[in-house]
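Top line first, the protein sequences correspond to chains A and B.
Positions 1 to 279 (our numbering) are the ones given, in order, by the first sequence.
Positions 1001 to 1418 (our numbering) are the ones given, in order, by the second sequence.
Treat the hints with care, as some may be off.
Below, simulated PhoX-like cross-link-like pairs (lysine-lysine); rule was C-alpha separation at most 25 Å, straight line [said to hold, decoys possible]:
no. : chain 1 : residue 1 : chain 2 : residue 2
1   : B       : 1296      : A       : 137
2   : B       : 1296      : B       : 1233
3   : B       : 1033      : B       : 1296
4   : B       : 1312      : B       : 1050
5   : B       : 1312      : A       : 137
6   : B       : 1033      : B       : 1301
Here are the computed distance ranges between Cβ atoms for each label pair [said to hold, decoys possible]:
no. : chain 1 : residue 1 : chain 2 : residue 2 : range
7   : B       : 1030      : A       : 201       : 50 to 56 Å
8   : B       : 1036      : A       : 266       : 38 to 44 Å
9   : B       : 1029      : A       : 88        : 43 to 49 Å
10  : A       : 238       : B       : 1145      : 54 to 60 Å
11  : B       : 1229      : A       : 269       : 45 to 51 Å
12  : B       : 1308      : A       : 183       : 20 to 26 Å
13  : A       : 59        : B       : 1313      : 58 to 64 Å
14  : A       : 238       : B       : 1050      : 36 to 42 Å
15  : A       : 236       : B       : 1193      : 51 to 57 Å
16  : B       : 1182      : A       : 183       : 28 to 34 Å
17  : B       : 1299      : A       : 88        : 39 to 45 Å
Not close to chain A: a few residues of chain B, all C-beta gaps over 12 Å, as computed [claimed, not checked]:
no. : residue
18  : 1020
19  : 1084
20  : 1103
21  : 1183
22  : 1288
It should be emphasised that the hints constitute simulated quantities derived from the structure, not laboratory data.
Built from N, CA and C at the ideal position, the CB exists for glycine as well.
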Amino acid sequence: MRIVVLGSSVYSETSCAIAAHLAEQGHAPIGALVFSTLNRRTLLRKLGQWGAREVVRYAQTKFVARGNGKGAELSNPYLRTMLSHGPRLFRSLREIGSVYGFPIVTCRDQNSPASISQLKRWAPDFIIFTGGNILRKQLLDVPRLGVLNIHLGLLPEIRGMSSPEWSLLNRVPVGITIHYMDAGIDTGPILQRFELPDVNRSKSLSDLRYRLIAFGIEKAGEVIAGLDQGTIAATPQASLHSIANQDSQFFVMHERLQAGAAERLANPHQASPVTMVNG
Amino acid sequence: MTGRITRALTEATGLLRRPQRTIPLVGRVVSDKLRVTFEQRHLYSYTTTKRASGDALNSLVRWILDAQRPDGGIAAYYSLLTGYSQSYPEVTGYIVPTLYDFTRTAAHGEEHEAVTAAERATCWLLTLQSPTGSFPGGVQGVTTQPSVFNTGQILHGLVRAATETNRPQILEVAALAADWLIEVQQADGSWSGPVAYQNTAHTYYSMVAWAMAELSEHADDHAGQRYRQAAEKNLNWVLPHFRKSGWVDGINLHGHPTYLHFIAYVLQGVLECAILLRRNNAIDLVAKSSWVLLRKFETNKYLAGTYSPDFKDGLRFTCLTGNAQMSCVWLRLYEVTGDLRYLNAALKMNEMLKQLIPVRGPRGIAGGVSGSYPVWGRYQAFRYISWGCKFLADALLLERRLLQGIETSEYEALPCAS
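Can you build the whole structure from these sequences, using the hints too?
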């Protein structure tokens, strides 16, 4: 299988973990295309959004390589096993590329003609999306099979943003879905969906997210193996709609509701004080 | 025409007569210009609480209390050019329920002030009724022409004042107004002719139907039945105006764009009427239209101040009143359907609106809601409007009630929940 990783930063832990995990499973990518987020507009926006201290921290995660010894700290501790390589931790796609022999190409815009040409030269069977811009049709059409996404919610019930939190509030099982991307938001054909075991073992909502990311990467390896062996086929979402006549897109959750989701995570059996969708 | 020219001249010469107003005007324009230039809205802008809802609510009600004129009516607006307007019967009427709702949550002292203001406002309204039962349109003194819409909006206040004070005299005035509304209602359920704005029928008169449905709950059986039928008749006339796209036809404001304020009026009137009349088909139509606007707000981080048919495009300024009304609609839809996405959108909308209320400034500006953001936008430019404060206060009061319901597990879905 010819796989390309599409990421938002060479230092993204998620992108690194996917590339390293696939390589470890015998499906090393043939290349990685990374979208450079270093631009004035993004930094100004984040300055207004988070304040100076958080912007510096953000810039560090995006542009500064961190310690790669075994004891180095990770934002997502559940990725440690995947990022471990002998005595060190992989902290950048470049390190993984040099070990497994694939090139890393950076671009300003994933949808630009230069990026599309690069992807066409690689002629991938599929691209695995780990973050970045909204993908335009001409990019989605490049790979032979499609662009894969790991969505942190069960499709088609929970599309869009804050999926783990909405799953908790709506009493939909928490899990991940591996699907092909199309022009809509999380509307592409589904390859497989997996429920996260022991959801309430998570200490917080961010801990739950970290667990889901690691779980998703692990399952992506299985799905890719299944695609390679021809044992997995995609199912269009239209045939799976469980919420009759309802738009299942969810949006970024307000902190007041997030507090409710956190409460639900901590006390899963507490009676629902509100009437939920599907609840 | 002469009246319009006089009004335009009065606005234009306002600063010459009171040059001290220049400083707040320039301050406001500069502040909004800086904000729209440098502040980039993004996905997480309104997901955290930057201003407590209680503080914002208090400042809104303070603005309303300050806008009460010596006659007891509430001014329509505070203009950055000309200051406070005359009392506005329509808004005075439907601000009364807001003041009473506020007293349920207010701290000691403020409660008394709000009740007194509501009672003074009601007393003033009682003096305005014509022998036919109608109330006049426009701000005080401009016209004596009876107006269906203003009568309906005043009816909201009269019904509430009657239930709060147990004064049968107020209920009699309300009944007389409602009888007049039935008398001038067309056979198809609409209101048109000389008693309607621009002599034509409007779907946003669903607000009048809502007032009739409200009154029906407090009238005796026979009268209640008549008011309910009139409300139902208007609802049946409005519903076919909903398109598949969620757009509502028949707002019919000739010479004006379709402001969000009027779209929200239709939705709010139909929704509240439908809840009272147990009409789930109407609730479904409102939910569909509201969902279109919710998606636009969540995706773009703002709602346009005006929309063209089928919500295809709009002018890029914000009609703050329309936004506050949509927040009320979403909160009520959450209450009826239980879909938390409505509550989520309303919390974010309220957060945005709270951030746009001036914390400081002279009387008339501090705590007020401008017609448009930025302040020079097309809807009620350079004015802080009393109905903007009213709707945002309503949204914050609803938010408080629903969140308390969640936190104390007291909330139950309404019986008509679909």
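Original post:
Of the numbered hints stated previously, which ones are contradicted by the structure, given in increasing order?
Top reply: 2, 4, 9, 13, 16, 22
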